[in-house]
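Colleague: Chains as they are written, first to last, in this note's numbering: chain A, 77 to 339; chain B, 16 to 568; chain C, 226 to 595.
No lab work stands behind these hints, which were simulated from the structure alone.
Capping the alpha-carbon separation at 20 Å, the derived lysine to aspartate or glutamate pairs in EDC-like fashion look like this: (1) LYS122(B) with ASP328(C); (2) LYS337(A) with GLU511(B); (3) LYS285(C) with ASP77(B); (4) LYS469(B) with GLU481(B); (5) LYS337(A) with GLU366(C); (6) LYS294(A) with ASP329(C); (7) LYS73(B) with ASP365(C); (8) LYS337(A) with ASP77(B); (9) LYS565(B) with ASP273(C).
These figures come from a predicted structure and were not determined experimentally.
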Amino acid sequence: MARTSRKANRRHPLATVVLIAIGLAFTGGGYALFSSTATADTSTATSQATVEEGSKLFAANCATCHGMNLEGTTAGPSLLGVGAASVDFQVGTGRMPLAMQGPQAMQKPPQFTEEQTAALSAYVASLSPGPSIPTDSQLTENGNATNGGELFRINCAMCHNVAGAGGALTEGKFAPELTGVESKYIYEAMLTGPQNMPVFNDHNITPEDKRDIITYLKYIQNNPSPGGFELGNLGPVAEGLFIWIFGIGAVVALTVWLTAKSN
Amino acid sequence: MTIEKTKADGLVDGTTDHPVGAPPRISNAPSARFTSAAANYIDERTSISAVVKEFGRKIFPDHWSFMLGEVALYSFVVIILTGTFLTFFFQASMAPVVYDGSFVPLKGVEMSSAMSSTLNISFEIRGGLLVRQIHHWAALLFIASIGLHMLRIYFTGAFRKPRELNWVIGFVLFILALAEGFTGYSLPDDLLSGNGLRIIDGMVKGVPFAGSWLSFLIFGGEFPGEEIVGRLYTLHILLLPAIIVALIALHLVFVVVHKHTQYAGPGKTNDNVIGYPVLPVYAAKAGGFFFIVFGIIALIASFFTINPIWNYGPYDPSPVSAGTQPDWYIGFADGALRLIPPHLESVIWGHTYSWNILIPITVLGLFILTVLIYPFIEGWVTGDKREHHILDRPRNAPTRTAIGAAGVTFYAALWSAASSDILATHFQLSIESVIHAIQAAVIIGPVIAYFVAKRVCLALQKKDREMALHGFESGRIVRLPGGEYIEVHQDVDEYERWKLVSFHEYKPLMIRPNAKGKITAPQRLRAGMSKWFFEDRIAPVTRTDLERQKSHH
Amino acid sequence: MAHDDTSGTDVAAFSSGADGVSTSAGRAVEPSAGASSASGGLAVITTDGLADPGIPPHRKRVTDLDPKKAKTAQRTVYTLFYLSIAGSIFAVAAYMAFPINADDPGSVRLNTVFLGLGITLALMGIGIGAVHWAKSLMHDEEGVDIRHPVRSSDDTRARAVEIFHEGNVESGIGRRSLIRNSLIGALVAFPLPAVILFRGLGPQNENPAELLSHTMWKAGARLTLDPSGLPIKAADVTIGSAFHIIPEGLNDTHDRLEQKAKAAVLLMRVNPSDLNVSAGRENWNYDGIVAYSKICTHVGCPVALFEQQTHHLLCPCHQSTFDVDNECAVIFGPAKRALPQLPITVDGEGYLIAQSDFLEPVGPSFWERS
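Given only the sequences and the hints, what does the whole structure look like? Please build it.
Modeller: Here it is as structure tokens:
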């Protein structure tokens with residue numbers, strides 16, 4: 077408990093504002109999942125002990141903003157119906173609990189261990205059903221990369237860039253880079269639509285399609301560009317900067333050598 | 016005067032040191048005999064000796080900044096060489112095919128032949144990707160070096176008489192290079208370039224009266240159509256290169272006619288050129304430099320991906336990638352489009368005027384036109400009809416340098432706007448504040464740059480004057496008999512001093528009535544402009560100044 | 226300090242020289258300028274300038290002074306040339322040693338890198354070798370060329386004028402004005418057929434404004450997923466979702482891309498209470514499900530960056546931002562017009578369908594649109 081209070085003290089005074097913003101995100105996610113006809117089942121395998129552990133963690137770390145019964149407060153959204161997938165994504169990638177105010181919750185080293193995250197997810201899912209954490213069989217990376225690539229370009233590339241390098245949104249928000257993100261979290265993000273990302277439910281992008289998208293992302297991540305270093309995959313801006321700094325730089329250095337009188 | 020001196024110094028005189036009448040000494044080695052016979056054979060059929068006599072010992076001055084145009088020329092040669100290779104494999108057709116190459120994530124995707132053949136160049140042909148990357152990197156370097164070359168010409172006043180027309184030719188070459196770049200960028204028909212073409216289509220449609228018709232003419236019907244790649248290909252590999260080659264030839268003919276400019280320096284006058292002869296030094300240096308430029312491009316292309324079309328995928332009007340930008344040289348135009356504030360479009364009498372497109376196009380058009388005619392403007396203001404072969408140090412033409420700095424700032428602000436989204440994500444700013452900041456920078460930046468550059472130039476000129484008169488601070492502190500400490504100033508030597516004082520000074524025009532006793536409007540304008548140009552000026556040190564200074568001590 | 230010697234800088238100087246044969250006596254503008262007699266305009270002409278000290282004494286290089294250094298330089302140069310040969314051979318070897326294997330994407334990279342390295346070495350060896358040779362071993366005393374005025378000599382110019390004059394007299398082009406003018410007329414007219422030929426670049430019997438004003442959407446057309454073409458039930462569109470939509474049957478058309486370039490639609494669902502619906506559009510959305518054209522009204526990029534919390538739509542090309550809550554009105558960026566809305570409803574089976582085509586042209590503005 078001492079640890080928890082220390083964390084609470086560390087919060088920035090403006091954290092409330094952020095929590096409201098994030099709360100809104102959760103509300104949206106909650107709505108989305110509530111009205112979804114695709115009701116994901118809660119894991120029945122979760123032991124009662126895990127749920128109890130999660131309950132304690134929730135009361136200590138999350139209830140201040142999200143309410144004791146997930147009902148939400150002015151500081152944070154209701155978590156009813158967000159499901160285990162959403163909790164796993166937000167807590168597992170370190171986005172929750174919030175560290176500071178900002179346009180959107182930033183990814184950071186997770187605050188809880190895997191067991192604690194699982195317990196929190198189980199607890200939230202036990203109170204109200206929602207999308208569950210994808211199973212390993214949904215996350216295999218041997219799907220159809222061609223289909224995944226096409227779907228990625230149509231549904232994701234406009235925000236995340238064709239190579240998953242990320243991109244800007246309005247008012248300081250951004251779509252994060254996807255390189256190095258675990259398959260599980262990519263899947264959960266599509267399913268739950270964290271922050272300002274739209275929800276891609278299983279009717280829009282089927283579980284097979286999601287697997288294909290992950291397959292595609294892992295393909296381009298694991299097969300380095302045949303052309304050599306990728307310059308951040310930022311496209312012509314990075315290329316232009318490179319030629320002006322290194323191309324022109326090298327050429328000018330050599331012209332100076334070429335025209336200087338020899339010793 | 017100079018000539019006698021150089022003779023006395025035992026220097027080689029490029030034109031007269033080798034009497035034509037003297038028979039060349041030829042050794043009797045078999046190889047020499049063969050060379051001599053071959054030379055004789057060729058000369059008897061071509062008069063080539065006259066050419067060798069004329070150009071073989073032509074003198075070129077040496078300075079690193081004189082090599083920038085060569086960088087452009089050599090990158091162009093590299094582009095021609097690699098581009099020719101690429102044409103053997105590229106299919107400039109938008110006919111749909113199903114990709115069946117070795118890049119897994121695109122297998123089975125429907126795309127145009129252009130895209131498919133570009134992928135095949137990249138993944139099936141050994142060295143194909145290398146050549147593609149050399150071609151594209153060389154194109155970026157080509158235009159960058161043209162830009163830098165133009166800046167050198169501008170800031171040193173090398174565009175003055177008799178080189179005004181060559182400035183115009185060079186500037187047209189720059190515009191043609193942009194066109195070459197853009198047409199080439201569009202050929203693979205990938206998602207990035209397709210969206211680039213879509214932007215062009217949108218801009219064309221915004222043209223009053225004829226926009227929609229022009230768009231249909233360009234694309235052969237509705238966008239995207241199946242024509243545009245083939246048409247751009249003809250421009251890219253035939254029409255534009257032919258014009259560029261012809262203009263480069265003309266550009267170089269003028270360099271020969273005018274002889275190269277040189278920086279001010281001891282012994283360098285408006286009537287001579289001091290440097291190295293074409294044969295052998297310049298040929299070796301310039302020839303070697305071609306290989307160096309080619310080598311740098313090849314090295315970059317071996318290690319750095321450029322335009323990974325396999326990531327972008329084939330063009331489809333529905334998807335788009337975050338961070339969609341044109342190649343760097345079109346960035347200033349894209350930036351101008353981004354900076355226009357919202358809601359600038361109006362419907363007047365049933366017709367739409369897209370000010371959000373027309374204003375950027377007009378502003379850029381005026382900017383380009385101003386750069387194009389700048390030599391004539393300055394020539395009119397100074398009224399200087401003399402030939403200028405000695406370059407100005409930028410500080411010695413403060414107003415010109417300040418105008419240039421303002422222009423560069425304006426261009427740079429537009430250019431940076433084309434990467435507003437990347438700036439936002441990488442510096443954790445909001446995209447709106449980046450745009451607003453750059454909007455302000457486009458207006459205020461050039462003004463600040465103008466005044467800062469002008470003040471810096473004048474300050475540097477003052478420092479030069481100070482140096483020429485009083486010498487430089489030697490760092491040696493001496494105590495005078497009276498107890499006073501002074502730092503000894505050491506005179507610069509006469510060569511150094513000459514560099515500091517050999518420049519021209521202009522003064523504003525005094526308006527006088529013409530023969531009819533009238534003062535005309537153009538005269539007033541010219542007087543105003545000359546005042547703007549030359550009101551603040553620092554005169555070069557004269558003999559009297561120096562003598563006065565010396566007697567003072 | 227500045228000597229106000231302005232006799233060369235008067236109005237006459239401004240107009241003189243326009244005829245190109247100005248022979249105004251004008252003093253030599255600088256002591257050493259022998260050939261030039263042109264006006265210096267506003268230049269301040271001083272007779273009090275410092276004297277040019279002439280070319281500084283020549284400094285010999287270490288390779289001129291020390292035969293050992295020259296030897297070293299020579300060795301460096303030929304070593305570089307040999308390295309270049311090695312590079313060329315290496316490149317040829319790399320071509321054979323690193324073939325492209327269709328199953329191994331890494332093979333392309335190896336091929337590119339090693340071939341490129343060989344070529345780089347071959348080029349750099351020659352380049353650096355040649356320059357080093359020129360710099361360290363070739364005769365390095367500077368030479369002097371004399372410049373001549375670009376302007377031709379007076380004799381030549383007089384002769385040129387004479388030739389033109391003779392040409393005029395002998396042809397009579399100045400005198401026989403009818404011939405001259407009719408020739409000019411003919412020369413102006415003859416490229417016209419060539420210009421008109423380019424009309425063929427565009428289609429003959431199509432009216433652009435008409436085509437740009439309509440899309441594939443029509444009453445009853447189902448909204449289908451891009452790219453699969455599967456129809457979508459309203460119930461499947463959950464709040465916060467974004468679906469990328471093409472009209473039913475698009476994939477079977479012969480002009481698929483042209484149709485898609487106009488008909489692409491983004492379907493989103495927000496809380497119905499968030500939507501500010503204007504009069505006449507009350508039934509264009511279906512329970513908070515709205516469909517908007519994806520084609521930016523600025524210059525036509527696909528606007529597809531939907532933020533499910535703020536309900537902003539951002540165009541990634543020029544950052545025009547549209548507010549879905551207010552019928553996609555522009556709130557930032559260069560665009561003027563709101564994105565056109567596609568009126569939608571559901572059919573008997575619960576699938577989303579269009580009520581009609583867009584009621585205004587989609588995409589960038591054009592002259593005939595009002």
